[in-house]
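One line per chain: the protein sequences are G and X, in this order. The first sequence begins at 7 in my numbering and counts up one residue at a time. The second sequence begins at 7 in my numbering and counts up one residue at a time.
Since the hints were made in silico from the structure, they are not lab data. Be aware that a few hints might be false.
No copy is singled out in the list; a pair is fine if it fits within one copy or between any two copies.
[Claimed, not checked] Below, a list of computed lysine to any residue pairs in the SDA-like style, where the Cα atoms sit at most 25 angstroms apart:
1) Lys332 with Ala204
2) Lys332 with Ala129
3) Lys332 with Arg305
4) Lys332 with Phe68
5) Lys332 with Val247
6) Lys332 with Ala52
7) Lys332 with Ala128
Since this is a predicted model, take the numbers as computed values, not measurements.
Protein chains: 2
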Amino acid sequence: MISDRANPFGPRLAVVQRNIVAAGLDALLVTNLVNVRYLTGFSGTAGVAVVFRDRCMLAVDFRYASVAREVAAIFPTHVLQLTIVSGGFDDAVTSLLHQSDAARVGIEGASMTVSRLQALTAALAPVITDTSAPPGITLVPTERVVERQRAVKDRFELETLREAARRLSGVARRLRPFVAEGRSELEVAAAIDAAVRAAGFERPAFETIVASGPNSARPHARPGSRRLAAGEGVVLDFGGVYDGYCVDLTRTLHLGPPMLELLRLARAVREAHAAAIAAVRPGIVPSEIDRAARDVLVRHGLGEAFGHGTGHGLGLEVHEDPRISKLPGALPNEPVVPGMVFTIEPGAYVDGIGGVRIEDDVLVTEDGCEVLTDVPIDL
Amino acid sequence: MISDRANPFGPRLAVVQRNIVAAGLDALLVTNLVNVRYLTGFSGTAGVAVVFRDRCMLAVDFRYASVAREVAAIFPTHVLQLTIVSGGFDDAVTSLLHQSDAARVGIEGASMTVSRLQALTAALAPVITDTSAPPGITLVPTERVVERQRAVKDRFELETLREAARRLSGVARRLRPFVAEGRSELEVAAAIDAAVRAAGFERPAFETIVASGPNSARPHARPGSRRLAAGEGVVLDFGGVYDGYCVDLTRTLHLGPPMLELLRLARAVREAHAAAIAAVRPGIVPSEIDRAARDVLVRHGLGEAFGHGTGHGLGLEVHEDPRISKLPGALPNEPVVPGMVFTIEPGAYVDGIGGVRIEDDVLVTEDGCEVLTDVPIDL
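Here chain G stands alone, though its shape is the one from the complex:
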């Protein structure tokens, strides 16, 4: 008997299968590896899942044969079957689909490349001159089928994210002594990365940002050889991957009393950060959460200084749905629901003065939100 605890993937597959039926598809070709991992637990660097209405086929290559066998072993065989591919993945997919009676097969439009769709379409086209050949299979571009499901975390994921946020907060709390006058940005970044690993993370979730003085005016500065000096601000933005799941945290420290202009930025961002967190509750749309932060900064004359969105979803990817921004771009501005986890990270950046950003990770609850990270704003 396989316990629910041992296999969170079965219920995830069941949900995606319901959505496949609802979309009028016979199968979904899952080529986005993060989605493959979410649905099956397989976390190699190459592989494909073909989710049929009633089962799932996982295809991996030679290198991952033994890992994938362990993955498959936790599923009942009628739920997930494994194929070890010796040629290309798309040859394997073509033959799997031809062996099935699937006619309409979804592809993941947001991650499949144009070249791959062209090649697959050609391989799946019916052979006109051969009357015994199977009928053609239509590939249907879909959007965010698995991603939308991933945006709402299940209890296994929440357990992991909570623990990850607790550990990252611990790293942040021990950070002060590393951030000292005379140290280079790269040295501070290396110290943060070492602390992240020592806290049990597999790796940093992205390239750690240590942006000092004028560099802090660049939201995505890379750490360099510049040395920290008295009176400056330093933006520290770092994250960790814990059991596959990403958390992300930013604090802006000052080396001694900051310039008055920088202090003004810091106060405004702190207020914007609090306003956005206060706005988070089920039913609010992402653009409204963004507006809560943005309105504060505009009121302080810093509307132009806040050139990025207020936050992004966290999970198997460090940037995923939902996007908390002014205009969610290509994504629908769908109301947030309990179980979503995302960052709140307003900032203000002014050339010649510097930049400030404050970031925490929140979980949408039934009646508001819970801040998963737990670190004083000024460490």
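Add chain X to chain G, keeping to what the hints say.
Only chain X this time, still in chain G's reference frame:
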């Protein structure tokens, strides 16, 4: 006067422009960020280059405005112009293309997603009811236009790769003491990563592999809490990114005298590695280099035990053209030419015995190859 040394990008743009003309295109939309970096020097996490026959437009967002201004400053303004995008990139691309007289515009089929092509095609379609609207623009999928150029390194890149290989070899030479009985794989991996950073690399080029005992039979094992024990083999596969360029190295160490079966694998792989390096010369096709290694392993009865390709190109990506494998898959099996840099990394993996892999980085020269890495096989 801008010296050639200061700007290697001008000549790269000129080559791609010649290839655009030769392909009957008016422009190439470069959305692959690695290609954007190769052509312009811009290395942010978002951006697009539109390479016209006579100029290049680089579009970045707010976050990268100041970085991109520094990038643009080293080009004459008639060669590269900068656009700071406030809406989406594809809106900016659409308006840039509509302002030009381009009719046939290449897109990068291997990296552009189906969703993005659909959206761009719709945005660029002519407005039928508006007779003053510009004529429609056709988006033409292209393959490997910039990638093929990147496969042959210019002198700036060779300088960087040589230095990177020298530094990674230094890391490998100092590695022996870290690999000790009782240490966990994760501890050894952390020590390697720290040594890679201390050697001046920006970061490891991929997740370092430390695969001990039975784990060594998995070519892409992830390091875990397993502790190294006497008599075992340990595969150490690690790399570094130096000034954007990746190098990659593998050695297999033995903790004390290895089992006879493991010794047999090690000798065969060593011989295969030497045979493949001896085969590298201008004009040979990748599959023949692969065969030189594979024939040796087959002769030792280890054909089935060598389930991956013999090597891969190195550059701004840790896996790029050329692929040195049995069947180069979707890629043409084009002869190698001087200036190509790739790994030679045969291996043999047998469940119950373990695995061995040996990897070095080679540069194709006028009359053979030069091994850029320089480390004794057994450290």
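Hints, one by one, checked against the model:
Taking the shortest Cα distances, lysine 332 and alanine 204 never come within 25 angstroms of each other, neither inside one copy (37 angstroms) nor across copies (41 angstroms). For the identical chains of this complex, lysine 332 and alanine 129 are inter-copy neighbours only, at 22 angstroms across copies versus 42 angstroms inside a copy, given an alpha-carbon limit of 25 angstroms. Proximity of lysine 332 and arginine 305 under a CA criterion of 25 angstroms is satisfied intra-copy only: 16 angstroms inside one chain copy versus 64 angstroms between copies. In this assembly of identical chains, the alpha carbons of lysine 332 and phenylalanine 68 lie at most 25 angstroms apart only when taken from different copies (14 angstroms versus 45 angstroms within one copy).
In the homo-oligomer, the alpha carbons of lysine 332 and valine 247 never lie at most 25 angstroms apart, since the shortest distance is 28 angstroms inside one protomer and 35 angstroms across protomers. Only between protomers do lysine 332 and alanine 52 lie at most 25 angstroms apart by alpha-carbon distance; the minimum there is 18 angstroms, versus 35 angstroms within a single protomer. Proximity of lysine 332 and alanine 128 under a CA criterion of 25 angstroms is satisfied inter-copy only: 24 angstroms between copies versus 41 angstroms inside one chain copy.
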